[in-house]
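Protein chains: 2
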Amino acid sequence: MSDELRRFKAEIFQALAHPTRIAVVEALRNGELSAGQLIEQLGLEQANASQHFTVLRSKSVVVSRKKGNQVFYSLRDPVLIEVLDILKRYFYAHLSQTMSMMKEIRMEKAVSKK
Amino acid sequence: MSDELRRFKAEIFQALAHPTRIAVVEALRNGELSAGQLIEQLGLEQANASQHFTVLRSKSVVVSRKKGNQVFYSLRDPVLIEVLDILKRYFYAHLSQTMSMMKEIRMEKAVSKK
DNA sequence: TGCGTATTTTCGAAATTTCGAATATACTGT
DNA sequence: ACAGTATATTCGAAATTTCGAAAATACGCA
Chain A
1 MSDELRRFKA EIFQALAHPT RIAVVEALRN GELSAGQLIE QLGLEQANAS
51 QHFTVLRSKS VVVSRKKGNQ VFYSLRDPVL IEVLDILKRY FYAHLSQTMS
101 MMKEIRMEKA VSKK
Chain B
1 MSDELRRFKA EIFQALAHPT RIAVVEALRN GELSAGQLIE QLGLEQANAS
51 QHFTVLRSKS VVVSRKKGNQ VFYSLRDPVL IEVLDILKRY FYAHLSQTMS
101 MMKEIRMEKA VSKK
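Listed in order, the protein sequences are those of chains A and B. When we follow the numbering used here, the leftmost residue of the first sequence carries the number 1, and every step to the right adds one. When we follow the numbering used here, the leftmost residue of the second sequence carries the number 1, and every step to the right adds one.
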């Protein structure tokens, strides 16, 4: 398989590799929302949210449309929702093992912060 | 949706957010391989490969089994192959736009290296 | 033009990721 | 116990990501 394709996949995964950005993608599941609506619904800090939007835009996970004062975001391709749904099933399929994995990850992070 | 689930998804995406790790996952598509086989097939540096294996193991993307001298890796759940295949279709569905996006990303990286 | 609202950009610090070099560990055969 | 092979870990430097604070930009309206 081509190197280019692998790099592309890595870029997409990287774009999705943050809980906030996943929340954004999921919020857009049912259609476009303005930046402000996303920020409000998800309880984000304004500047930080905008930076996450930039990441998603730069990898073309979302597209934006300007309407007067505001910017509306939507998913470029709903296939990414499919991916999230697959992972949801994956999460529950291995629930108990997943939970202990998540606990471990949290503990590692707690340690690194000291 | 739960915060925990979102964090989990982000962890998985993060685990896959590197071309080398994607190559590893794809190499395991048809069954387990030893660390050495992976390194040879993919032309990786030994220590670096081992570090990537650690990432994949820590997020339970792969599981390992020890057999004598060697360690055999396999995918925990083939559902992840599905995810990669979805992205492959996504790549080709938007091919021309994707290629120019990848070119832009390469240029940004080239700039940052100066 | 000037004001208010919506959004993005820039800056700097902290945390995380990535890599190669060197070292360590584990297992096998002698 | 020793040597050899397979794999993992540690270390330090460079690159990247993340965040909040502050500033900048864009648009609509008086």
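Everything labelled a hint here was simulated from the structure, so no lab data went into it. Remember, it's a predicted structure, so these values are computed and weren't measured experimentally. Be aware that one or more of the hints could be misleading.
Pairs involving identical chains hold if they fit within one copy or between any two copies, as the list cannot separate such chains.
For lysine-lysine, the following DSBU-like pairs were computed, each having C-alpha atoms within a straight-line distance of at most 35 Å [claimed, not checked]: (1) K103 x K67; (2) K67 x K109; (3) K67 x K88; (4) K88 x K66; (5) K88 x K103; (6) K66 x K103; (7) K109 x K66.
How the hints compare with the structure:
1. K103 x K67: Intra 43 Å, inter 29 Å, cutoff 35 Å: inter-copy only.
2. K67 x K109: The answer is between: 32 Å across copies meets 35 Å, while 41 Å in one copy does not.
3. K67 x K88: both (34 Å within a copy, 33 Å between copies)
4. K88 x K66: Cα proximity of K88 and K66: in one copy and across copies (32 Å, 30 Å).
5. K88 x K103: both (18 Å within a copy, 32 Å between copies)
6. K66 x K103: Close across copies (25 Å), not inside one copy (41 Å); limit 35 Å.
7. K109 x K66: between (39 Å within a copy, 28 Å between copies)
Against the hints set out earlier in the document, no violation occurs for any number.
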